[in-house]
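**Q** The listed protein sequences correspond, in order, to chains A and B. Quick note: the first sequence uses the working numbering, first residue 1, plus one each step. Quick note: the second sequence uses the working numbering, first residue 409, plus one each step.
Calculated directly from the structure, the hints in this document are not laboratory data. Quick reminder that beta carbons are idealized off the backbone N, C-alpha and C, glycines included.
Cβ pair distances, simulated, as ranges:
1) A:Val37 - B:Leu547: 18 to 28 Å
2) B:Ala459 - A:Gly265: 45 to 55 Å
3) A:Gly116 - B:Glu549: 29 to 39 Å
4) A:Phe120 - B:Val452: 17 to 27 Å
5) A:Phe132 - B:Ser545: 35 to 45 Å
Simulated coverage check for chain B against chain A, where a stretch passes if three residues somewhere in it have a Cβ under 8 Å from a Cβ of chain A:
6) 438-444
7) 572-579
8) 597-609
Which chain A residues stay away from chain B? Per the calculated CB distances, all over 12 Å, these:
9) Asp76
10) Ala127
11) Leu245
12) Val273
13) Glu295
14) Glu311
One-letter residues, chain by chain:
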Amino acid sequence: MARLLSLSRSPLHHARFLQPRLPAFWLYTLVVTLTGVVAIGEQNLFREMSPSGWALSWGLVLLYAAPVAVLISLLDLYEREPIPLLAAAFVWGAVAATTLSAIGNAGWGIVIARLGGPEFATRWTAALTAPFVEEILKGVGVVLIVLIARDEVDDVMDGFVYGALCGLGFMIVENVFYFIAVFGGDVEGVLQGFFVRVIASGLYSHVLYTGLVGMAIGIVTTRRDDRPLRDRVRSAGLLAGAAVLGHFLWNSPILEFFPPHPWEGGEWFLIPVATAVKGLPLLLFVVLLVRLAHERERRWLHESLVSEIDEGSVTPQELAILERPRRRFQARRELRRRAGDRAANLLKRLQREQVNLAMVRSRVASEDDPALIRQRAVCRSIRDALEAIPGGASAVESGRPGADGPLG
Amino acid sequence: MIRPSPDVPVRPDATAGAFRPARRWLPTVLVTLVMSVTVLGGFVVAETLPAPEVQPVALANVLRLRPLPGWEVVRREQATVPLPRGGVITGEFAQLTRGSGALDLLALPGVGGDALELADLYATAVLTSQLERLAVSGLVERITLPTGMEAVRFGYIGSQPQTGAALEGSVTVVVAPSGNGAVFDGWAPQGQLELISEELVAMIARTEVV
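With these hints in hand, go ahead and build the complete structure from the sequences.
**A** Structure below.
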């Protein structure tokens, strides 16, 4: 049986969250610890005030957040981010950004009141403070993740994933606050709040805004974009601006079709319409951007690996499959049926290391860089191991140049 | 020339010359600066802006309060407080607000008794009728105001019946030697009282109760 070449870890994905040598790690830890004390105090107050409402609130928001978190992480088609870093982004949004935003919004709210007067402030403070204060403070969380694990945020989709998870954390805590403090905290109030803020509005809020901010940060930090930094900063500014604009529109009295409280009969149906008017355009915009980002990632993968065909690290058929995540999954499923779990797991590993090969290529300066040579050897070694498995060989053969059909 | 620190090995895939230990601090300092300006900048900028002139508020010849900048009177009316034994006592009510929080003032001429009795009356006759799910703190704090008058203070949480919004408040009660009583009820949406508590304390501290 072929021996696998040093498969313990690829030279990529070393990034850990716990990095005591980095000042950014300590800044993150300090801020989350301090704000965590305040956040826990607030949750204790809510729990004392309405134990059942508080428990129901958390149950409902987690029920919603768990699949959304999985969906967000799956959007990164070619490279799964390390879970500790994803959790760190989520915690920053839930703990640090919410607590700091409450203080920041209050301070800038006074400025609005002094400049515009009480009447103007009543209508416009939420629109003129929160979009700036909250997007900056959530974005800071993504920047800290970049500073802690620079190698992990290397393109637009990575930024989107970290940003969206940060926004999800923020949204969860904000929703619990609204369920208890605005909708009354009893079972009926919490369910009303869940309908208004999650069912009717959940698609449009902080996940989108901070996803856009994360994309902006990803554009600046990417290693896959040859444009000058100035051009990338301009694109990032437009994305962050779109996030702030979407948040501003959501908080402002513009296009306000929300029926006045308390709601009765048909007014309940107006609520999703009212939220869609404000939120749907931004949602469609983000969906479009994510699709473009996926296409950009696919092109990057193709361009990075097409020259590796001659090196034998990847075959044309493997590359064709690699570019389409659904076909990757189908290929593994077919191989599992034909050659068993071990072969399918090895194919999964081969695919992952081939994606890593593309990343190594984008990070090294020369074709004979030791890291690149090593990664090529890792890929070939896994393929050799796959060939050694009965049933796996035929799969690999069909994937070699000159074979009839694509793998799987 | 910047040389890598001996205890931090250079990554095998790092771009040549990319190692810059000194630069680790700069982005973190910049991030700290951005956070500080975003969180605290509003308070600093607000201090530089002219605050609207606020007239002192005098109620029923019992209390005279100087609102801090940003606070304004939004309600003012005669008030009656039902007594547990029957009957009512009359006084004057005013509400000051500053965005997210409010200070309710109640002046009750000749109410008599002591501050603790008036605090109990306010909690049972006023707060109970205004709020749902009211929870009053068991601990009543005895304090001395800077004017030298004895006062009691207690906290509460509850929710507004109309909107269901949760509130938290802090009530300070004074009965002057003349028998005139004053109630200061500072309240805000749950979690936001802390943001205005210093201003509430400052306004109450410099109020004259005669």
